[in-house]
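Novice: If you read the protein sequences in the order shown, they are chains A, B, C and D. Count the first sequence with the working numbering and you get residues 1 to 205, in order. Count the second sequence with the working numbering and you get residues 1001 to 1395, in order. Count the third sequence with the working numbering and you get residues 2001 to 2395, in order. Count the fourth sequence with the working numbering and you get residues 3001 to 3254, in order.
Just so you know, the hints here were simulated from the structure itself, not pulled from any lab data. Quick caveat: nothing in here was measured; it's all calculated off a predicted structure. One or more hints might be untrue.
Capping the alpha-carbon separation at 20 Å, the derived lysine-lysine pairs in PhoX-like fashion look like this [to be verified]:
no. : chain 1 : residue 1 : chain 2 : residue 2
1   : C       : K2191     : B       : K1236
2   : C       : K2191     : C       : K2319
3   : B       : K1340     : C       : K2236
Beta-carbon label-pair distances, calculated as ranges [what the hints assert, rightly or not]:
no. : chain 1 : residue 1 : chain 2 : residue 2 : range
4   : D       : M3140     : A       : G189      : 38 to 46 Å
5   : D       : L3097     : A       : P11       : 26 to 34 Å
6   : B       : G1190     : D       : R3181     : 31 to 39 Å
7   : A       : V185      : B       : C1011     : 43 to 51 Å
8   : C       : L2188     : B       : P1231     : 22 to 30 Å
9   : B       : C1011     : A       : G189      : 37 to 45 Å
10  : C       : C2011     : B       : A1277     : 27 to 35 Å
Here chain B is said to cover these stretches of chain C; the calculated rule only asks that three of the stretch's residues, wherever they fall, bring their Cβ under 8 Å from a Cβ of chain B [what the hints assert, rightly or not]:
no. : stretch
11  : 2036–2042
12  : 2234–2241
Every residue gets a Cβ at the ideal spot worked out from N, C-alpha and C, and that includes glycine.
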Amino acid sequence: MHIMEGFLPHPWWEIWFAASLPFVAYGVSRISRMAREQRETLPLLAVAGAFIFVLSSLKLPSVTGSCSHPTGTGIGAILFGPWITSVLSTIVLLYQALFLAHGGLSTLGANVFSMGIAGPVVGYLIYRATQRFNLYFAVFLAAALADLATYLVTSLQLALAFPAADGGVLLSLKAFAAVFAITQVPLAGIEGVISALMFKYILQA
Amino acid sequence: MSEILGLRDVCYIYGDGHAALRNVTLSIESGSKVALVGPNGAGKSTLLLMLNGTLRPSSGTVLFKGEPMRYDSRSLRDIRKSVGVVFQNSDDQLFAPTVEQDIAFGPLNLGYPREKIERYVGYALSYVGLDEHRNRPPHHLSGGEKKRVAIAGILVMEPEVLVLDEPTSNLDPATSEEIMEMLDELNLYGKTVVISTHDVELAYRWADEVVLMDGGNVVRTGTPERVFADPDVVRKARLKLPAVLEIYREMLGRGILVPVDEMPRNIVDLMHLIESAAGRSGRKPGRIYICDISATPPSRIRDILSSGAVRYIGAMGTKAKMIASEELLELDFSYGVVDKCVLKAIAGKSSLIITSGGMVEHAERRIRSYAEEFGIEIEVIILPRAHVSTLADNR
Amino acid sequence: MSEILGLRDVCYIYGDGHAALRNVTLSIESGSKVALVGPNGAGKSTLLLMLNGTLRPSSGTVLFKGEPMRYDSRSLRDIRKSVGVVFQNSDDQLFAPTVEQDIAFGPLNLGYPREKIERYVGYALSYVGLDEHRNRPPHHLSGGEKKRVAIAGILVMEPEVLVLDEPTSNLDPATSEEIMEMLDELNLYGKTVVISTHDVELAYRWADEVVLMDGGNVVRTGTPERVFADPDVVRKARLKLPAVLEIYREMLGRGILVPVDEMPRNIVDLMHLIESAAGRSGRKPGRIYICDISATPPSRIRDILSSGAVRYIGAMGTKAKMIASEELLELDFSYGVVDKCVLKAIAGKSSLIITSGGMVEHAERRIRSYAEEFGIEIEVIILPRAHVSTLADNR
Amino acid sequence: MHRLLDDHAHDNGLRDVSPKLKLAIGAFSIMACIASPTPAVPLAVSACLSAAVILLARIPWRLYIGIIAIPLSFALLSASVVALLSPGEEIMSLGALSLSREGLWLGMLLVSRTIGGTSSLFFIALTTPMTEIFSILRSMGLPETLVELSMLIYRYIFVLLEEAMLVHSAQEMRMGYTSIRGSISSFAMLASVLFIRAWERGERLMVAMDSRCYSGRMPVGDDHSVRPAHLVVSAIYILSITAFLLAVIRSGLA
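Excised from the complex, chain A in its bound form (with noise of 0.2 Å):
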């Protein structure tokens, strides 16, 4: 779920590119060593980077109706561990802005705080922590959860930049999520299941 251009005022939007900038700039650090040592690291992770930015471009089939779209950082977050998921996702929201007209340029710091950190962390945690049981299970809850967190930091992206009038953020955050929670609850359960028969088919071939 992205938060368009112009949306976030000041100081909100440097706020979220400084909270981004050292989780991206670890993962580009790890990224690079990675490349000295594995040639293969490169090619890679481009494809992959391709791969979530084509997902991502395409439509969910949504019980809602609306245009929604899946993130794919759950899936690249399990595959490639979040710090690097950060960067891949970086450069897939600043191509979805440019290419797609999804999110914006001001907003990419928030942008990847959401969808390029918060989410692959939650999502690269359940996994580790569900692994054990069951893999599809694990790739199911990782995919869903990772979407829910996204879209919960996104509410309260919003909510800090705008609290409401009595309650303060804690009723903002409150509205926010209810408002993006039709669309998004039942993305996260769809994705979850997306992400987890994806994982099936590919270990069946």
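Fit chains B, C and D to the known structure of chain A by using the hints.
Specialist: Chains B, C and D in isolation, oriented as in the chain A frame:
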């Protein structure tokens, strides 16, 4: 024959304003074999995607059985069941984790009952000769096998029209011929087959009707002889003349041959023209045996072979080839079998064609028509019919 | 000629235990045109990837200029600079965002200075005729254009050997011929060219040396005539005979022709055999004008055309074709030009070939060798040389 | 979506303008929109840049209207939440919710900023091909790895997207996506086959790069030089918007 698919004044303009089709009018007869030929970018693939409603004309109408095509989801479902499209690159078409699941994809989505799906998938698998690969992932198959799976995935929905974009691209000659023969077989059993290709040899030999396209226009349509009659038109469309035709034209130009009404379609025709021009004849032609494999035990074929009555052996159709390979029969011809046997017969050598079912009559008819055309007598012996008693005794 | 690349007893076994190459021994002469032919899965691509060290033999040795190949990164870099590989699917090869950046990839990584990179890239771009596409992303190009960019990206490193996997797959006949002609031109200027293909017509016509592969083995190597001499071997490798050869064999079988030492390589040869068998001769052959476009103003070509001295006009080489299209000359032949002009000359018609630089002598040599072979006199007139004074006057 | 905005950028009428200049205009416009306390400045930015995109870059207006509607739905939904939560003098009551004058104003401001910001974003996206931005990214001192990875991802997006479209239409031809169940399994098959294909491509990409002597460098394109006329027009635009912005801020303070 009646029109099964038609285009009337169809234009198609891509998002960037580039016109892929310009006022195309075309009629495809039910039961025919149609080849769209033209250079890369001529609009062939775009036209094919019109035939099952994947692309919708910017202007003009597409007709299916005389009715203008409609693009609501119900109508599209019906049209896509009736007109199956096989893509050029099989990898784009095979997306399920195993061969079996891939073939079952269509029937499953059509809501067929489980038992029916299994039966149909089994039938389609054995039709394309890939039973033993049913549980393999498609991306581990060879190019030819992938193409067969792609065709099976369409056949299983029992379409009336089979549309194939460049069916032989990236396949070696023998695999190409096997695929084309499979299409012949399907056509013989009533399906209309439409292909696109820039292989002029293939189009010239295989098609009933050739549609020559260039720059989004249909430049010429008609029998292969008619379409390829004008070398300038063919060259402008960045194609070349079929070799047989080019040699024929060179011989005309040198006065070695004189023009005839019907241009040669293949080497058999060309040889006949040359021989009659040279005033030759008199050699006693060889025989052609046709053996219906579904009614003949393989031992009988071995008997014929060991008797020395035939010099060459060929197999037509998927089933015959499977049996030949099981029985370790060394085939001389596995594609273009009738033509080759007729050539051998004219050269005085006898041969045996093994095939099955309706293909027997088809082969016989083609031999007879060659014989008539050339004014020679080729003796055709159809095996289980003539020897049915011997056969019973042998058991 | 000396060996530039060699394989000695090379085996290659994939991770799954499947042997892709079995004891392959092969020698590629410097400056030759080699075609690897064989069915899908014969091991052609595996062999090609041995030639620049991408794959390392499981056993046996690969030699480059007589030295066993070494696989440390420094040696690999040297070998890859000398042996350039163009992949079958151009999309696998073009990975930079624009045409220009893609072509610059090799030189940049070889550490050329900036100015040299720019010069080389500019040269390669204009050589393949894609100057105006330099800033396009590869996904906006046609299949033929992508192939040209892929070739340019290799040429720019000035390799001694050019290796191309199925260079004409998915290209229409005219585009294929243009690519093959470009390879001829490069060969003429000294590069060794190795291709893989299952297009037998192409291999038979184009190659100096054919390597027939099947099931990981080299079945036969030699001149095209020698490799395609045995129809059984060719058929077993799931290939077919080239049409000219098949027609020749049919004519032999019918006694229309008698066996000759050298089998016909193309239609010109075949026609000559037929004509001499029919005891014909006597027609006065046409002339062939060869015009070096780099030394002739286009107005001179128009003069010749309007004088009625020639009936047909053809262009050889990238530069000649570009000028022809700029000058709106309507070309009769844009590929296989020499052959076609010789055919026309034998049929008594004159023609004009426009070309440039070293290609002039090449064309002349080929015409002379045809003339000698057929024992006829074809008058070849080379334009700027013969008319150099006239030319000066015209200015 | 068969064509990405980048595809239009390669053929637009402002292709020859220096990409640095275009980026500067876009970035300035975005900042101006966010900084503006009233809807007037973002709407002025939007009017100027939309005119530039349609009239100068010659992007079809139908396409432009179509894509600008995408972010609007998000903006309207979020802005109405903000509007309803904001404190102030109540002007309308909707059951438990109430809309204040200040809330309405803030909502309108947010929608206008989104419109202005999106116009600025589209100005960049539709006039400056990504291929020309890479060299700017590199000269901005972004890490080499990040720029190289971006370049490779750029190229493979188009390769994989085409493949995804083909697989998707092959599935549609065989009645995928006709029911919810079928849709979900079709989509998962598409994703899995795309992943496998992507991985194989990655391996082939490695071979291709190695075959061309890869030693860790990716070429970038050249920059266009800035032409004086372009500079003058840009300066007029930037100065006018800045003046407008300052005037609005001062009058707001007064």
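Novice: Could you work out which of the previously given hints the structure breaks and list their numbers from low to high?
Specialist: 1, 10
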